[in-house]
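Trainee: Residues in the first sequence are numbered consecutively from 0, following numbering that gives the first Met the number 0.
I should point out that these hints are in silico values taken from the structure, not numbers from a laboratory. These figures come from a predicted structure and were not determined experimentally. Take these hints with a grain of salt, some might be off.
25 Å max Cα-Cα, derived DSS-like pairs, lysine-lysine [said to hold, decoys possible]:
#, residue 1, residue 2
1, Lys-460, Lys-11
2, Lys-433, Lys-493
3, Lys-539, Lys-493
4, Lys-433, Lys-460
5, Lys-519, Lys-23
6, Lys-81, Lys-519
7, Lys-414, Lys-396
8, Lys-414, Lys-175
9, Lys-493, Lys-535
10, Lys-190, Lys-175
11, Lys-11, Lys-33
12, Lys-81, Lys-54
13, Lys-168, Lys-493
14, Lys-54, Lys-190
15, Lys-152, Lys-168
16, Lys-204, Lys-519
17, Lys-204, Lys-175
18, Lys-94, Lys-81
19, Lys-33, Lys-94
20, Lys-545, Lys-11
21, Lys-204, Lys-414
22, Lys-519, Lys-33
23, Lys-168, Lys-545
24, Lys-23, Lys-33
25, Lys-519, Lys-460
Pairwise CB distance ranges, derived in the manner of DEER restraints [stated by the list, open to error]:
#, residue 1, residue 2, range
26, Ala-570, Ser-480, 27 to 37 Å
27, Thr-40, His-245, 55 to 65 Å
28, Glu-214, Thr-165, 34 to 44 Å
29, Ser-89, Thr-263, 29 to 39 Å
30, Ile-403, Ala-99, 34 to 44 Å
31, Gly-365, Ser-89, 32 to 42 Å
Here a beta-carbon is modelled for each residue, glycine too, at the ideal position from N, C-alpha and C.
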Amino acid sequence: MLWTHTFIPTLKESPAEAEIASHKLLLRAGLIRKLTGGLYTFLPMGVRVLRKVEKIVREEMNRAGALEVLMPALQPPEIWEKSGRYTTASEVLFKLRDRARKEWLLGPTHEEVITTLVAGEISSYRQLPRNFYQIQTKFRDEIRPRFGLMRAKEFIMKDAYSFDTTDEKAQVSYQKMHDAYTRIFARCGIKAFPVEADTGVIGGKFSHEFMVPAETGENDVVYCDGCRYAANIEKAGSAGPLTATHTAPDDAALEKFPTPGVVTIDALAGAPHFVPAERQLKSLVYLADGKLILVLLRGDDQLNEAKLVAALGTAQVRPATPEEIFPALGAHPGSLGAVGVKNLPVYADPTLANATAMTTGANEDGVHYCNISVARDVQVTQWIDVRTVRAGEACAKCGQPLKIQRAIEVGHIFKLGTKYSEKLEALFLDETGKQQPAVMGCYGIGITRTLQAIIEQSHDKDGIIWPVSVAPYAVCLTPLSITPGGPVMVLAEKLHAELEAAGIDVILDDRDERPGVKFKDSELVGFPIRVGIGEKSLAKGEVELKPRGGTLTAVKVEDIVARVRELVAAAA
RNA sequence: CGGGACGUAGCGUAGCUUGGUAGCGCGUCUGAAUGGGGUUCAGAAGGUCGUGAGUUCAAAUCUCACCGUCCCGACCA
Numbered sequence: 000m001l002w003t004h005t006f007i008p009t010l011k012e013s014p015a016e017a018e019i020a021s022h023k024l025l026l027r028a029g030l031i032r033k034l035t036g037g038l039y040t041f042l043p044m045g046v047r048v049l050r051k052v053e054k055i056v057r058e059e060m061n062r063a064g065a066l067e068v069l070m071p072a073l074q075p076p077e078i079w080e081k082s083g084r085y086t087t088a089s090e091v092l093f094k095l096r097d098r099a100r101k102e103w104l105l106g107p108t109h110e111e112v113i114t115t116l117v118a119g120e121i122s123s124y125r126q127l128p129r130n131f132y133q134i135q136t137k138f139r140d141e142i143r144p145r146f147g148l149m150r151a152k153e154f155i156m157k158d159a160y161s162f163d164t165t166d167e168k169a170q171v172s173y174q175k176m177h178d179a180y181t182r183i184f185a186r187c188g189i190k191a192f193p194v195e196a197d198t199g200v201i202g203g204k205f206s207h208e209f210m211v212p213a214e215t216g217e218n219d220v221v222y223c224d225g226c227r228y229a230a231n232i233e234k235a236g237s238a239g240p241l242t243a244t245h246t247a248p249d250d251a252a253l254e255k256f257p258t259p260g261v262v263t264i265d266a267l268a269g270a271p272h273f274v275p276a277e278r279q280l281k282s283l284v285y286l287a288d289g290k291l292i293l294v295l296l297r298g299d300d301q302l303n304e305a306k307l308v309a310a311l312g313t314a315q316v317r318p319a320t321p322e323e324i325f326p327a328l329g330a331h332p333g334s335l336g337a338v339g340v341k342n343l344p345v346y347a348d349p350t351l352a353n354a355t356a357m358t359t360g361a362n363e364d365g366v367h368y369c370n371i372s373v374a375r376d377v378q379v380t381q382w383i384d385v386r387t388v389r390a391g392e393a394c395a396k397c398g399q400p401l402k403i404q405r406a407i408e409v410g411h412i413f414k415l416g417t418k419y420s421e422k423l424e425a426l427f428l429d430e431t432g433k434q435q436p437a438v439m440g441c442y443g444i445g446i447t448r449t450l451q452a453i454i455e456q457s458h459d460k461d462g463i464i465w466p467v468s469v470a471p472y473a474v475c476l477t478p479l480s481i482t483p484g485g486p487v488m489v490l491a492e493k494l495h496a497e498l499e500a501a502g503i504d505v506i507l508d509d510r511d512e513r514p515g516v517k518f519k520d521s522e523l524v525g526f527p528i529r530v531g532i533g534e535k536s537l538a539k540g541e542v543e544l545k546p547r548g549g550t551l552t553a554v555k556v557e558d559i560v561a562r563v564r565e566l567v568a569a570a571a
């Protein structure tokens, strides 16, 4: 490819809209342009990288035995009503109407479609297992698109769905995808590691996310160096808080004391009361499927809403408003507590199981209780782990201190079970002639997000550093003079032809630009190998080999094609 | 949805407080010089100052509404 024949609109300065390095570089290197918030056009360099990532994904999915299909992006709402997600996933659904006023929606994912397909086509255990996948544009009405391709309204995803006859066999399918994902991300040249994750609105038994460590990620991963435990913070547990809960026997009677204007944990911890946060009970009122519930945590702990949602198994969970709380408890937020509460279910974190000498709101504005023994004074409906793990807490498995790392989620695999196959009737007859729902798994990779994650993980001050496997072009030939018929250009064109013939993606920078401009651009766009051809070195029969991020070496003209082939082969 | 910031040429920005000819850098075009790290000089094109309404003799500037972009939040009472 000739630089002047393709389209690489590089920018010296990054547009003000871009905040993080990868987003700036996507724009500056001319890979994408924004149409509007959350919607981007891929330019030639961006498309080339996209296709390479897709190719890797296809090869590994095929290798793992999955079959490529292509499902409609436009979907009828009926199948979503069947699965129950028309309601539970409602906020992310783009809905539209046709001229007959019938409603449609743009698919944010395809469990409903594939399960409907399988329901119609698969009827015997002899037809299983199957794993179908596709690479397709998804649509999600994100609350807030951000960071370029990281969170967009429209994005490209690889989604796969496995169907098995038994739970054990489904586990094998799951493991195959786990292995395939590990290979995919390795081949894309990024470090991504699996962590235990919350299944969220997809549902299912358990799941793993593949995470790329990056400070700009939107997830916190809790991990242990001691035993390799790793989990999304939405799921992670630990041996408990850093400071022990007060559990010493304390027979002091429950007592009220006035706390006018004190409505926060911090305020109660300060003058004049000086009740340490860890000796307070944090009482949160939530609305779960329309019913008020009370959630208890230690004052210094943070509620993990994902854990709460998972434990309750309810679809709609949100904090209750003061207007909703007052009639039920008789006080406003800041003076709430669980002591003596019988009209609402009370969910308490196990950290508080034997807590004594605690303080909490008395359900009377401006009044708190002290000397609370949770076991004695609070009627707990259910103990559920709902606290957020903090760095430094002991690993529940091996006791080593846990660490927390920000990360980008690039893949997510789910052990679904029979949630969808039952509702959408993907049933088969087993060996004994008995009808059973297929056991499912589903497996996603954000292709466009992966592309950006690669940049986020692999760049420097000069630009992108593409791994050879996904680079738009592996080699950039940089003639320092473009005089037609001149020795520099003649050699450049010869090398271009030879490298292309060798099956290497090569671009020839034939622009009439000064060397500095060409060097800067090739580094910004991030081609892994640059071959500089100038009169000075050519006089010595040499050209310059400059790996992106490496050092420049002189190579004999007759050796350069072989050297480049070696480098490319070594990277593959 | 709540809070905040911003919207001036393709990109980055000044001007706005105190209303009066819209400026700069990069990029683009023309010419010349230069030719190994975003070179230099000369000239040029390019603007409904986000949109609409209002105040005013006069609005990029003040007021209101709307639209858009970005950031934070949307659990911690």
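Trainee: Could you run down the list of hints and mark each one as holding or not?
Mentor: Do the hints match the structure? See the list:
no., hint, in the structure
1, Lys-460 with Lys-11, "holds (12 Å)"
2, Lys-433 with Lys-493, "violated (68 Å)"
3, Lys-539 with Lys-493, "holds (18 Å)"
4, Lys-433 with Lys-460, "violated (63 Å)"
5, Lys-519 with Lys-23, "holds (16 Å)"
6, Lys-81 with Lys-519, "violated (55 Å)"
7, Lys-414 with Lys-396, "holds (23 Å)"
8, Lys-414 with Lys-175, "holds (12 Å)"
9, Lys-493 with Lys-535, "holds (18 Å)"
10, Lys-190 with Lys-175, "holds (19 Å)"
11, Lys-11 with Lys-33, "holds (17 Å)"
12, Lys-81 with Lys-54, "violated (34 Å)"
13, Lys-168 with Lys-493, "violated (55 Å)"
14, Lys-54 with Lys-190, "holds (19 Å)"
15, Lys-152 with Lys-168, "violated (35 Å)"
16, Lys-204 with Lys-519, "violated (50 Å)"
17, Lys-204 with Lys-175, "holds (17 Å)"
18, Lys-94 with Lys-81, "holds (17 Å)"
19, Lys-33 with Lys-94, "holds (23 Å)"
20, Lys-545 with Lys-11, "holds (22 Å)"
21, Lys-204 with Lys-414, "holds (6 Å)"
22, Lys-519 with Lys-33, "holds (23 Å)"
23, Lys-168 with Lys-545, "violated (50 Å)"
24, Lys-23 with Lys-33, "holds (12 Å)"
25, Lys-519 with Lys-460, "holds (11 Å)"
26, Ala-570 with Ser-480: 27 to 37 Å, "holds (30 Å)"
27, Thr-40 with His-245: 55 to 65 Å, "holds (59 Å)"
28, Glu-214 with Thr-165: 34 to 44 Å, "holds (43 Å)"
29, Ser-89 with Thr-263: 29 to 39 Å, "holds (34 Å)"
30, Ile-403 with Ala-99: 34 to 44 Å, "violated (52 Å)"
31, Gly-365 with Ser-89: 32 to 42 Å, "holds (40 Å)"
Consistency note: the structure conflicts with the earlier hints numbered 2, 4, 6, 12, 13, 15, 16, 23 and 30.
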